[in-house]
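2 protein chains.
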Amino acid sequence: MAEFDKIYQKYLSDFNEYLDKFCDELNCRPDILKQSLVYSLKLGGKRIRPVLMLSIADIIGTGAEKVKIFALALELIHTYSLIHDDLPDMDNDDFRRGRPSNHKVFGAGNAILAGDGLLNTAYSILFDECFKGNEYISAAKFICDCAGIRGMIAGQSADLLHEHDKDVDEDVLEFIYENKTAKLITAATVVPSILNGGKFYPELKALGKKLGYLFQLTDDILDVEGNFEKLGKSLGKDEEEDKLTGVKVYGLENCKLRVDIMGDDCIKIIDGIDGDASFLYDFVNFVKTRLG
Amino acid sequence: MAEFDKIYQKYLSDFNEYLDKFCDELNCRPDILKQSLVYSLKLGGKRIRPVLMLSIADIIGTGAEKVKIFALALELIHTYSLIHDDLPDMDNDDFRRGRPSNHKVFGAGNAILAGDGLLNTAYSILFDECFKGNEYISAAKFICDCAGIRGMIAGQSADLLHEHDKDVDEDVLEFIYENKTAKLITAATVVPSILNGGKFYPELKALGKKLGYLFQLTDDILDVEGNFEKLGKSLGKDEEEDKLTGVKVYGLENCKLRVDIMGDDCIKIIDGIDGDASFLYDFVNFVKTRLG
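These protein sequence lines are chains B and S, in that order.
Under the working numbering, the first residue of the first sequence is numbered 8, with each subsequent residue one higher.
Under the working numbering, the first residue of the second sequence is numbered 8, with each subsequent residue one higher.
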């Protein structure tokens, strides 16, 4: 994994540099609006969506440079979703990446606007990309739909609706996993394909979905077994808010078994992708080993 | 004004029919997500932005048909902004168009998601338009920037920031008027030009700004002098929330004088637009006569 870590860090630091530059050049008033946007963007994190998009672009020959702006837009959308998710009226989380949530620093009103602002800015930079040609429009539209009312927002809505469910329903959990988490990860895996004539489209779409499930499964397990220092967010929140999670539906041990199955499914999909996909195999392991 | 009313009603009913069809065909789960989106979209209202865009498109020869989807997207964006504005953490309004605000019906969490969903859906339909050519991309990008962090969201942020200001500042008020209100109205006036080779671009941009000021001035006055039955929203809210309004900065009577001046400015701009612009002259009067 040493080689994997090195490559991951390279993608991560390149992306963070690009994001920092974007933040520095962000020109808007009043100051508190810019501060609140930048605060959440610079909270750090693993940036799994951008790293995934950039690395896949290199693996299938699209080239990381071509997808860079899409990776940025996707991270803006992901960050907006965290800000809104953390609000008292949603999941009511006081911490994010080890630091106070946006609304704890700037107040809920400003946090709502910060989220709105990030979402809108993501599309503003994507509209600029659209002038480059139809495949760029298709890629932008794909991201937009993954984030939308038949994507992430549908998942968040179902997540909210099924708090306190007495009867656990596996179909509902699947719907939440697929939409709340897997759709944005699928955007990361599929955009490099759209910008490269649809290369490995079915494989990359399937991979995004499975990786999304894998990621959410480990997330649900970590909410029970993780520690604050490592995760930087409050734990035991799912039980506190009585969320419909993998742990609630399958039980903790079965959830861990599913992590292994889902990991194997990812590996099988990656087998079908030509080129040096060693980074992707390690990426699956990297998500699995979040569990320690 | 009888002729004006007839034409306004025609644009309005055509647009509402189109919006109803859009709502009926809206396909998303869970049900509560669709219900919350549709509830706010169907609350009615004067639809001044779509009517303005469609009528200007006819006046300058773009044709209403060509801008229809942009008018829909703009109304989605406007509706999202009302839902988020009404939230307890923002302006805390319990009524909108004579009926309970979105969050009073669906809860604040769902209202946040409904707003996010409308904003995202607006861009999803605009990305589809982008395939039609560069001027469509430019028009979509123009709307996006009017709604964004150098547009409406900047205005909302300043509006929130300057509640309870002891020293009233005319520059700040101008910033709020221009961004919170005038930018989206400018999107309505300018899109027909962008889709028609930039015809009357400077005039229509200037008109949007002045009409926006005029609209917000009358809004501020009506918050003091209007009545609930006619407006369908809570009154006296500005004073209650101690907002920086035209009334606070200029005083009520000077505010009314400014309405006349701003109306005259609009008329002068419309004088520069060839074609049968009689609808626009009446439109200015229509906004002014909201004051009764």
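Hints may be right or wrong, so weigh each one.
Since the list can't tell identical chains apart, any single copy or any two copies may satisfy a pair.
[Said to hold, decoys possible] Once the Cα atoms are required to be at most 20 Å apart in a straight line, the calculated EDC-like pairs of lysine to aspartate or glutamate come out as:
| # | residue 1 | residue 2 |
| --- | --- | --- |
| 1 | Lys41 | Glu170 |
| 2 | Lys28 | Glu72 |
| 3 | Lys41 | Glu185 |
| 4 | Lys28 | Asp289 |
FYI, nobody ran anything at the bench for these hints, they're computed from the structure.
If you're wondering where the values come from, they're calculated on a predicted model, not measured in any experiment.
Worksheet item: Is the C-alpha distance from Lys41 to Glu170 at most 20 Å within one copy, between copies, in both cases, or in neither?
Response: between (34 Å within a copy, 19 Å between copies)
Item to complete: Tell me, please, which holds for Lys28 and Asp289 at an alpha-carbon limit of 20 Å: within, between, both or neither?
Response: neither (29 Å within a copy, 48 Å between copies)
Fill in: Status of Glu72 relative to Lys28 across identical chains (alpha carbons, at most 20 Å)
Classified as within: same-chain Cα gap 16 Å, cross-chain 41 Å, threshold 20 Å.
Worksheet entry | Same-copy or cross-copy closeness of Lys41 to Glu185 [CA-CA at most 20 Å] | between (32 Å within a copy, 18 Å between copies)
Hint compliance for this structure: hint 4 alone is broken.
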